[in-house]
Amino acid sequence: GNSVTQMEGPVTLSEEAFLTINCTYTATGYPSLFWYVQYPGEGLQLLLKATKADDKGSNKGFEATYRKETTSFHLEKGSVQVSDSAVYFCALSQGGSEKLVFGKGTKLTVNP
Amino acid sequence: EAGVTQSPTHLIKTRGQQATLRCSPISGHTSVYWYQQALGLGLQFLLWYDEGEERNRGNFPPRFSGRQFPNYSSELNVNALELEDSALYLCASSLEDRGNTIYFGEGSWLTVV
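Line by line, the protein sequences are chains A and B.
Per this note's numbering: the first sequence = residues 1 to 112.
Per this note's numbering: the second sequence = residues 1 to 113.
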């Protein structure tokens, strides 16, 4: 079945540091890929998405590129802020029975 | 435009009781999904409703059930509550079952004591 593997956290960075959170997936066909963010005490918010190979999703300075050859969708940001502290979830969707399949989440803490 | 709304925000129940959680999808969305986020277990798919029908359920016992109403809102019912049911229950909606983006609500915190 479909699955998502993302790097385990927690990740702690200083403000303005470069961020990479790795995400790889296993799926048949061509899933859509997503990054969701969950701020403390809140629900999930869609951060960005990509629906086909080589697509780049971007939002709020975050980027991720759909790499079919490496089955990856790594999240990057050039300069993190304290307000980026949250849990980040990589997910895939294939319009099938499971809908969104999530990775376990990576907790990011950014210190001033 | 209103997002996905859930109620109640917090709910405390005792073991053996029943809990009912409610969800209103984004206007125009016909699919509603329920996920459980228990501490240390990540996000687990519970149920998917579309056009009033249950389309699929995750690996949860039958005491987890729900329904979708004609206006596409949904209820999640958990019977015979166990301590392990304590979690954040997230509802989400999308336009249809075609890989469209799924939007989440803020969640309902259920605590079983």
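Derived by calculation from the structure, the hints in this document are not laboratory data.
Some hints could be false.
If we take Cβ atoms under 8 Å as the criterion, some of the chain A residues that face chain B in the derived model are [stated by the list, open to error]:
| hint | residue |
| --- | --- |
| 1 | 7 |
| 2 | 39 |
| 3 | 42 |
| 4 | 49 |
| 5 | 99 |
| 6 | 102 |
| 7 | 104 |
| 8 | 110 |
Glycine included, every Cβ here is placed at the ideal spot set by N, Cα and C.
Cross-check of the supplied hints:
1. Because the beta carbon of residue 7 of chain A sits about 14 Å from the nearest beta carbon in chain B, more than 8 Å, this interface hint is broken.
2. Contact between residue 39 of chain A and chain B, as hinted, is not supported at the beta carbon level, the nearest pair being about 11 Å apart and thus beyond 8 Å.
3. Checking residue 42 of chain A against chain B: minimum C-beta separation of about 6 Å stays under 8 Å; hint holds.
4. The criterion of a C-beta within 8 Å of any C-beta in chain B is met by residue 49 of chain A, whose closest approach is roughly 6 Å, and the hint holds.
5. Hint on residue 99 of chain A holds. Least Cβ distance to chain B is approximately 6 Å, under the 8 Å limit.
6. Evaluation of the residue 102 of chain A hint against chain B yields a held restraint, the C-beta minimum of about 4 Å falling below 8 Å.
7. Hint status for residue 104 of chain A: holds, given a least beta-carbon distance of 5 Å to chain B, under 8 Å.
8. Because the beta carbon of residue 110 of chain A sits about 22 Å from the nearest beta carbon in chain B, more than 8 Å, this interface hint is broken.
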